[in-house]
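Asks: Protein chains in written order, with full-length UniProt numbering: chain A, 1 to 274; chain B, 1 to 435; chain C, 1 to 380; chain D, 1 to 532.
Derived from the structure by calculation, the hints contain no laboratory data.
None of the values given here were measured: they were computed from a predicted structure.
Any given hint could turn out to be false.
[What the hints assert, rightly or not] Keeping only pairs whose Cα atoms sit at most 20 Å apart, straight-line, the calculated SDA-like set for lysine to any residue is:
{"no.": "1", "chain 1": "D", "residue 1": "Lys151", "chain 2": "D", "residue 2": "Arg173"}
{"no.": "2", "chain 1": "D", "residue 1": "Lys327", "chain 2": "C", "residue 2": "Pro347"}
{"no.": "3", "chain 1": "B", "residue 1": "Lys96", "chain 2": "C", "residue 2": "Arg152"}
{"no.": "4", "chain 1": "D", "residue 1": "Lys76", "chain 2": "B", "residue 2": "Val380"}
{"no.": "5", "chain 1": "D", "residue 1": "Lys151", "chain 2": "B", "residue 2": "Gly161"}
{"no.": "6", "chain 1": "C", "residue 1": "Lys320", "chain 2": "B", "residue 2": "Gln94"}
{"no.": "7", "chain 1": "B", "residue 1": "Lys223", "chain 2": "D", "residue 2": "Arg173"}
{"no.": "8", "chain 1": "A", "residue 1": "Lys241", "chain 2": "A", "residue 2": "Gln258"}
{"no.": "9", "chain 1": "B", "residue 1": "Lys223", "chain 2": "D", "residue 2": "Thr221"}
{"no.": "10", "chain 1": "D", "residue 1": "Lys517", "chain 2": "C", "residue 2": "Gly325"}
{"no.": "11", "chain 1": "B", "residue 1": "Lys30", "chain 2": "B", "residue 2": "Val380"}
{"no.": "12", "chain 1": "D", "residue 1": "Lys517", "chain 2": "C", "residue 2": "Arg152"}
{"no.": "13", "chain 1": "A", "residue 1": "Lys80", "chain 2": "A", "residue 2": "Gly57"}
{"no.": "14", "chain 1": "B", "residue 1": "Lys328", "chain 2": "B", "residue 2": "Val380"}
[Said to hold, decoys possible] Pulled from the structure, derived: some chain C residues nowhere near chain D, Cβ distances all over 12 Å:
{"no.": "15", "residue": "Ala38"}
{"no.": "16", "residue": "Phe169"}
{"no.": "17", "residue": "Ala355"}
Even glycine gets a Cβ: it sits at the ideal position worked out from N, Cα and C.
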Amino acid sequence: MSIIQELSNRDRVFEFLTPVASPVDVRHGPILYLEDVNVSFDGFRAINNLNLTIDDGELRCIIGPNGAGKTTMMDIITGKTAPDTGSVWFGSRHNLLTMNEPEIASLGIGRKFQKPTVFEALTVFENLELAMATDKRVIPTLRAVMKAEYRDRIDEVLETIGLENLRDQLAGILSHGQKQWLEIGMLLMQKPRLLLVDEPVAGMTEQEMERTAELLTSLAGKQSVVVVEHDMGFVRSIARKVTVLHQGSVLAEGSMDQVSNDPEVIKVYLGEEA
Amino acid sequence: MTIRKHVKLGLSALALSVSLNAMAAEDPIKVGILHSLSGTMAISETVLKDTVEMLIEKQNAEGGVLGRQLEAVVVDPASNWPLFAEKARELLAQEKVDVIFGNWTSVSRKSVLPVVEELNGLLFYPVQYEGEESSENVFYTGAAPNQQAIPAVNYLMNNIGVERWVLAGTDYVYPRTTNKILETYLMDQGVAKEDIMINYTPFGHSDWQNIVSDIKRFGSAGKKTAVVSTINGDANVPFYRELGNQGISASDIPVVAFSVGEQELSGIDTGPLVGHLAAWNYFMSVDSDANYDFIDQWIEHTGNDEAVTNDPMEAHYIGFNMYIEAVKKAGTTDVDAVKDAIIGVTVPNLTGGYAAMMPNHHITKPVLIGEIQDNGQFSVVWETPSTVAGDAWSDYLPGSRDMVADWRKPLFCGTFNTKTGSCGASAGQMAAAAE
Amino acid sequence: MWLTRPFQERSTQLFLGILSIAMIVVVVLHLATPEGSALHVSSYTVTLLGKYLCYALLAVAVDLVWGYLGILSLGHGAFFALGGYAMGMYLMRQIGDRGTYGDPILPDFMVFLNWQELPWYWLGFDMAWFAFIMVLLAPGLLALVFGFLAFRSRVTGVYLSIITQALTFALMLAFFRNEMGFGGNNGLTDFRDLLGFNLRTDATRLGLFIATGVALAIGYVICRAIVASKLGRVSIACRDAEARARFLGYRVDRVQLFVFVVSAMLAGVAGALYVPQVGIINPSEFSPLFSIEIVVWVALGGRATLYGAVIGAILVNYAKTVFTGVMPDAWLFALGGLFVLVTVFLPKGIAGLLASRRKGKDDDSGTDDPDTATTREATA
Amino acid sequence: MSIIRSLTLLLIALVSVLSLPAAAQEDDPGRQLLIDLAEAPASNVEEAINAIVSSGDPRARGWLEAYGNNRLSRVKNTGQVVVVLNNRGRDWEIANPLTGENMGDMSRRELDRVAINNAIRGQLEGILAMLDLSATDPDVREASAQDMMGKVNASLVEPLEARLELEESARVRNRIEEALAIYRVGEGNLEGVDVLAGSLHPRARAALNDAVRGDDPALATKAQQALGTIEQKLKLNRAAETLYFGLSLGSVLVLAAIGLAITFGVMGVINMAHGELIMLGAYTTWGMQQLLPGQPGLALILSIPAGFLVAATAGIIIERSVIQFLKGRPLETLLATFGISLILQQLVRTVISPQNRTVVTPEWMSGSLVINDALSLTLNRLYVLAFALIVFAALMMIMRRTRLGLEVRAVTQNRNMARSMGIRATRVDIMTFALGSGVAGLAGVALSQLTNVGPNLGQNYIIDSFMVVVFGGVGNLWGTLIAGLSLGTINQLLEPWAGAVLAKIIVLVFIILFIQKRPRGLFPQKGRAAEG
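Turn these sequences into a full structure, and let the hints guide you.
Replies: What follows is the structure in structure tokens.
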């Protein structure tokens, strides 16, 4: 007992390290703002003078051929990769480049990975429980008690993602598509202001895709959503505004029709399909 | 319960205890062997286990002692110091052995010591050690510093004319203490502080380049230089190799070692080492019939024509025979009786003389200086004119100068302070035991 | 209350039940049966069992970080030994002027190495409360500093294992140095009494045995409480998908640090209880070999089960006791063979065997399968 | 020691050439000379030796060598002096020193060694060196002149000076002059100091140091000046020496670690039995030397392929029996291979012996490569350094230039892809592990020349090896090379200042801190693949 208390005290010593949960300031413009971002790995320019602006409540699709820098861009936004130069702002108050991943997550940026990543040794319910927007510091987590309102919230999301029957199953036994859904569900539990969704429909059936599209569009408005996707059909079904990335910078931006008629875009990307 | 029944029960109990006693007389005398058979110390200790087994076999062939056979109880403390204590407890408390032969390293002895004292056992410790200890229950058949280190230094000083000294050792208590003693002794003899270089290395040290080069440099200051080595076991091979390769020969800078014996040399190509020295109380090459018989017996026991003998083996030989003599003298294996009886017991050693158990539980030994030969043996170049009695407390350490050990009554004390006239620590100990 | 949660779990109730029954049986047999009787448990056996229990506590500590956090610590022996040294220093100071040289302050080894005064870090160890705090604080602080650095810079998997090994190896070399003032190779020994009880009496030994059993029970409950809390689930999340946990807003490094420090402290307590029972503490407890051996106890018992760690530690050490007595030469063959067989054929250990037999009958949340974690380590 | 052995051979040859008829033995003057030597009390030994030298007997040299090598004994009951040809075991092979006739074996109990000690041996060396000064080979002459340094006494001055007149080789002349100068400085001669002023030989320094402490102030000042110039030169040499020590230690680390860099770095197997594979290589060397008695050099060379094969075979067995079942579970390979390491150690203890085994250093690897009097590079370490570099280069070749290397790299990067391209991944695994293990065996062969060959050999290197690989960056052979050499150098640079133990601790702490800074080592694998 004394061990724990002692430790909990020590934990407080590092107060300055705990995430700051202040509201995002979007009164003066976009929710996400990337300017002149550059990253290179071993001389390879993964991101090249990238400029990108996402408005509050917007649903934005980002497409681009392999190696265009889509995932790297997400890494930069979520704090996994530090850019060589440039600035990244969340709202007008938060400079994301000064924060680490948990801090950024606590600010309200949720991210779904390309490869579905859920906690396979935990149940579906527990996965969602961990994602829930609560105090995520160590000692509060240790003392956390499951309250009825939390349970309701989880059940609500379970219903949204259609996994209510698998509530107490280990996430490891879910199918690929179900894992994708679970991961999206975890994002929902986080109540993020901005969702970054990397290839949400990979490995999904046609029906699952439809439901995903439905879900993502329903989210937009309340939250900002950035979707990176390869599947053109899916993009077309949800997209309002599309950004095409090529060789680490924005090649074109506009509605799906606009970009798919852009000769440059056709040349580098859609050209392959046409 | 009626009175008749009571009597009957008493009688049968009596009968039982009588028959138990009768059985006990025929029970073998249990000899515990506490040497590591695995782990890092197995290298040195397995032969000691074999030695004791051989001695037991021989004694049994001669009819045992007091009409009883001897039986070896072997355990493996696996070079693990806490395990030594545990196994000692097992031997004494579970197996109820009458005597233990065992231990090599100082730390294993220190670990076992409280157990042996608590359970009132007998331990024969066969290895040269740092001194500064005398326990009621332990018999030190290896050399104390005054039986090895100081005579060796005297030899170098007087016969070789050494004026500059390198004291190199492995960093543990035996080299530390020995070097402390030697440092004081050398300074008493008028050696200047800058003519003494002390160096410690970790166990199993294998990269000696820098140190040997330092020694070489230290040795080129004009005065005759010698290395007094308390380097432990494994580290010696690379040390001597480096000496040889850096061209330091015995005639330039002789090395006198206290921990290198025939067993250690059997792992080295001794060619480059010819002429380096070791100080022991026994060498396999000693020219005596007792020794030749012992070697023959050993070769027969091991079935290996190349098997070598060494100083700790001789120590066990002496210790074992002393124990047998003491049991004969006491007429029993009772620990206290044997402890009383063994003081003053004298048995032949392997170098053609006699070893006597002193009241401080150390024995008398001759000190021999040998030069390494190319066949892995030592040739004796010098020996003390008579045997030297082991000193439990060194005269060259400030804390122990005034201490003596004497386990005869009435003194019966391991740490008797001649200045204060009181028995140091064991006063409290005895009071506690009396409670 | 999070600490009381484990008492509602069946597995914990079972564990505590078996442990206390076993302890009571031992105590009763030791006290009530005459020496020489077939049922008698000698004080030798009691001490031996006490040692096993210390190892069991140590194994539980290792299982907490390995099983639930995925940190394979090859340096837990260091925390164990530090706890042991803290206790050893207290016991040394308790000897007082009963040492060989009768110095009221300096331990014997300092006297004959000509130390003039007690080094500063020995101050305070004459007071039991201070020493007992240090038993927790010394390993805790080391774990805190080491863990803070390592987890912050996201040293993971094999790299972490190797540097924990480097840590304990460096400490071993350091403690071997006589200049350090911890008795060098000989370590600390010749203890007399603990809190006024003479260590060389059977009653004290029995007391230590009981204390160790209680410590094991408390340690087990603490670990279980952590594991059963949300933090426990976060730990598993960090173990299996560190990046995901981070993007959910968890400070993975802090979670790791917390659990690591708790584990180190438990190891320290185990060490502190071990020292008075075996009567010596020396740098060999820091040896990397010993730390690896602990991991094997856990692996044999079953990783990420806690009770498996207890079973593994007791079984291996019992086998060691038997083998080193009966056929010393075969001991290393047996131990080595055990390592190979368990990892190849019994990846979930004995607890896995038990669980698979029980499966269907009872769905206990006791096991949290770490297998998925290992596949991830492979790709890392 | 090879020299002694060759001298003994020479002696036998010499003696047998000079075989005299048995009848002549009785009044052979040599008989009495030897008995005098054997019976001389310590103070008169020198006289007895001089008597032998001045007798001009052609066999004298052989006798003195035998004496110096502890090979002269007396038969106890007859008092005859004999030469011991083989002094191992209980029965010794002896020969008649007068006739060279082999007298067969005799029990050790029957023989009484003619005592010799270091002091006498020193004098003998001087005398023998003097004899060698007239050898035809200038190298031998130089060596013996060098041996004379510090051993010149009054009786040798004259013959030496005479020799100096005759000597043609400048090198040898310099040596003789130095040897004489050392003696003269000792006698208070000022000119000797000039001769020694440029010498780096420790004996010259010793003589000058003596002079500085001496009673003659003029000599002392001059000697002090000479020492000053010598010290200047020494500094540079010392730096070079430390660098060599560092590289040498580094090469040992590289050798020990490079096999691990393959099994650990390329295959992801944490092979705790790596040290024991090294041990197997070392034992192979020992075994080879047992098979080829008397030819340690040849045995050592043959051990290189043999050690590789033995360790590689052991590696294949380990891979097939254990590791293949633990694919993708690196931390569990750690535990299983740790078990294997315990088994291998105990196996060696049980089957061979718990004792260390003697591995003989061949003649061409003993001694040092003399750069100058103050700087000499020990040959065994020089060979090991070269060997390490060769092994490294060969491995790089295999990984870069061969089909196997290509396949290994392919399998490491993407196992499934490689498979689908027709690479048999299982076979590649076996080959890789065998290669890594075989290299460990090579390390063992090399280490047998530096350290103990015993059951604990492997344990002493396993932790260091892991540190080197991790420090260098897993999966990068260059990293291992740089890491090994730099850790070795750092260690040796620290050692004189901090002591051996502290140096090692500092290096370990340095690695721990370094890993915090660069969690993937000096040369991490970069890009997406590494992120996993």
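Asks: Indicate, hint by hint, whether the structure satisfies it.
Replies: Hints and how they fare:
no. : hint                : in the structure
1   : D:Lys151 x D:Arg173 : holds, 17 Å
2   : D:Lys327 x C:Pro347 : holds, 13 Å
3   : B:Lys96 x C:Arg152  : violated, 56 Å
4   : D:Lys76 x B:Val380  : holds, 18 Å
5   : D:Lys151 x B:Gly161 : holds, 15 Å
6   : C:Lys320 x B:Gln94  : holds, 17 Å
7   : B:Lys223 x D:Arg173 : violated, 27 Å
8   : A:Lys241 x A:Gln258 : holds, 9 Å
9   : B:Lys223 x D:Thr221 : holds, 19 Å
10  : D:Lys517 x C:Gly325 : violated, 48 Å
11  : B:Lys30 x B:Val380  : violated, 37 Å
12  : D:Lys517 x C:Arg152 : holds, 10 Å
13  : A:Lys80 x A:Gly57   : violated, 24 Å
14  : B:Lys328 x B:Val380 : violated, 35 Å
15  : Ala38               : holds, 35 Å
16  : Phe169              : violated, 6 Å
17  : Ala355              : holds, 19 Å
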